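Student: First to last, the sequence lines map onto chains A and B.
Under the numbering used here, think of the first position of the first sequence as 1, with each following residue one higher.
Under the numbering used here, think of the first position of the second sequence as 88, with each following residue one higher.
Simulated from the structure, these hints should not be mistaken for lab results.
Please note: incorrect hints may appear among the correct ones.
[As the list claims (entries may be wrong)] Only pairs whose alpha carbons sit at most 25 angstroms apart, straight line, appear in this in silico SDA-like list of lysine to any residue:
no., chain 1, residue 1, chain 2, residue 2
1, B, K213, A, S68
2, B, K213, A, G8
3, B, K213, A, P34
4, B, K213, B, E186
5, B, K213, A, Y65
6, B, K213, A, G62
7, B, K155, B, K213
8, B, K155, B, L126
These figures come from a predicted structure and were not determined experimentally.
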Amino acid sequence: MSRIAARGMITVDVRFFAVLRERAGGERRRVELPGGSTVAALRAHLRERLPELPEGYAVAVGRAYAASEHVLEDGDEVALIPPVSGG
Amino acid sequence: MTVRAGGSSPRVEAVISAAPIDAAALVRNVSGPGEGAVLLFLGTVRDHNRDRRVERLDYEAFAPMARKELVAICQEAAGSFDLAGVSAVHRTGRLVPGEASLGVAVAAAHRDAAYRGSRWIVEEIKRRLPVWKREAYADGTEAWLDGHPAGSAP
Numbered sequence: 001m002s003r004i005a006a007r008g009m010i011t012v013d014v015r016f017f018a019v020l021r022e023r024a025g026g027e028r029r030r031v032e033l034p035g036g037s038t039v040a041a042l043r044a045h046l047r048e049r050l051p052e053l054p055e056g057y058a059v060a061v062g063r064a065y066a067a068s069e070h071v072l073e074d075g076d077e078v079a080l081i082p083p084v085s086g087g
Numbered sequence: 088m089t090v091r092a093g094g095s096s097p098r099v100e101a102v103i104s105a106a107p108i109d110a111a112a113l114v115r116n117v118s119g120p121g122e123g124a125v126l127l128f129l130g131t132v133r134d135h136n137r138d139r140r141v142e143r144l145d146y147e148a149f150a151p152m153a154r155k156e157l158v159a160i161c162q163e164a165a166g167s168f169d170l171a172g173v174s175a176v177h178r179t180g181r182l183v184p185g186e187a188s189l190g191v192a193v194a195a196a197h198r199d200a201a202y203r204g205s206r207w208i209v210e211e212i213k214r215r216l217p218v219w220k221r222e223a224y225a226d227g228t229e230a231w232l233d234g235h236p237a238g239s240a241p
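So that you can see chain B by itself, here it is in the shape it has in the complex:
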C-alpha cells in the first residue's frame, strides 16, 4: 500500500449535474501540496457530426445509477493509477456547441500517472455511464446518437 504525505486517502468527487461545468472548481477539488501534476480534461460539444451541422445536444441520464458508476470509476482509477484526487462531472440537459459536457480533473505525484489515469477514466465513462445524447440539427431534425452497448469497449 502506498502511503501518501499525511496518510490521506484519495479525494474523490463525482457529480451528474444540469448546471454548467466549473472547470476551476474541478481543479481546486483535486489540487494539493503533495502533488506534482494536476490534469484537466474537458469533453465539449462539436458543431458538426458526420457532415451535419449540430445546433444543440440534449443529454439524458439515469442519474442515480450514473452517479454511482461515476463514483466507482473514479475510485477504481484512484486505486489503480495512484491518483491523489479525482473530480469528475457529467452534464445533463441542453448544451450548445463549445459547451463542456464532461469534466475530469486528476492529481498525482507525477505526470505519467495523471495522464494514464485521466485517459482511463474518460474511456470508462464512455463505456459504462448510463447517459444518452440526442442531437438537433440545423435542418430541424433530431436523432439519438448511435451509442456503445453498455459495458463494452467504446
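One chain only, chain A, in its complex shape:
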C-alpha cells in the first residue's frame, strides 16, 4: 500500500480517448481522491477540474464498463469512453 493510500487517499490513473483526449490536452492524468470514492465522485472531481470535458462519457475501470456507484481502488486504471463510433 502506498503512503497516500495509508493516509486514506487513493490515486487512480485516468485515461482519455478521442475527443476527450483533445479537450483534456493529454492521454492520462493521475487523480487523487478520498478512499472509498465512487465513479460518480470521480466525475464530479473532473467536472470541477476540467470543465472543458464534454459530459456524456461512459467509464471503464480495469477495462470493463463500470456503473456510477462502483467504488474505486488505489491504482485503478480508469478510462473515460466518449460516445463510440465503431463499425
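With chain A fixed as given, assemble chain B onto it according to the hints.
Tutor: Quick look at chain B alone, frame taken from chain A:
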C-alpha cells in the same frame, strides 16, 4: 446443451488490428464440414457523410478493452445463436473510402442462425466497442463523428 458433430466448442477469434482485413482468412477461420451456412459481413468506409465528401477516416481504439469486448460479444453470440464459429476484426488507423473497417464471419448449421447471429454481433460492436472515428473531408477540415453513448442502443 447442444452437442456438435465431434463435440467441439465454438471457434471464436476476435482481433483489433492496424493491418488491412483479410476477408478470406475470416471465412477460413469459421468454416468446417459440420456447417451449412457461412456468412461474411464487411463494414466499409463511405466516401460521403451528410453531404460532405470524405477523404479518409482515422480509427482510434482503446485496444486492450476493445479486444476484450469483441471476444465477449463473439462468445455471447456463439452461445445465443448456436454458432459453430465466429471470427471478427476491427481496424484501427487510417482508412480510405472502400476499405473495410469491420469484418465479421460466422458459421452455423443453418442460415437463419448465421444471419441473426451476424446482425446481433454487428449491432453490439457499434454499441459497446471503445472505438472512435475521425473523418477528414475534401475541404481540409476534420471532425470526430457523433457517436452512441457506450452501452446504449446504436
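Student: For the pair supplied as a hint, B/K155 and B/L126, is the alpha-carbon distance within the 25 angstroms limit?
Tutor: holds, 23 angstroms
Student: Tell me if the straight-line CA distance from B/K213 to A/G8 falls inside 25 angstroms.
Tutor: violated, 40 angstroms
Student: Taken at face value, is the distance from the CA of A/S68 to the CA of B/K213 at most 25 angstroms?
Tutor: Distance ~22 angstroms between B/K213 and A/S68 Cα, so the pair holds.
Student: Take a quick look at whether B/K213 and A/Y65 sit within 25 angstroms of each other, Cα to Cα.
Tutor: holds, 15 angstroms
Student: Quickly compare the C-alpha distance for B/K213 and A/P34 to 25 angstroms and report which way the hint goes.
Tutor: Violated. B/K213 to A/P34 sits at ~35 angstroms, over the 25 angstroms cutoff.
Student: Verify the proposed pairing of B/K213 with A/G62, using a straight-line Cα cut of 25 angstroms.
Tutor: holds, 21 angstroms
Student: Hint check: B/K213 vs B/E186, CA-CA at most 25 angstroms. Holds or violated?
Tutor: Judged against 25 angstroms, a Cα distance of about 18 angstroms means the pair holds.
Student: Just to be careful, I want the Cα atoms of B/K155 and B/K213 compared with a cutoff of 25 angstroms; is the pair within it?
Tutor: Holds: B/K155 and B/K213 sit about 15 angstroms apart, inside 25 angstroms.
Going through the hint list in order, the structure does not satisfy hints 2, 3.
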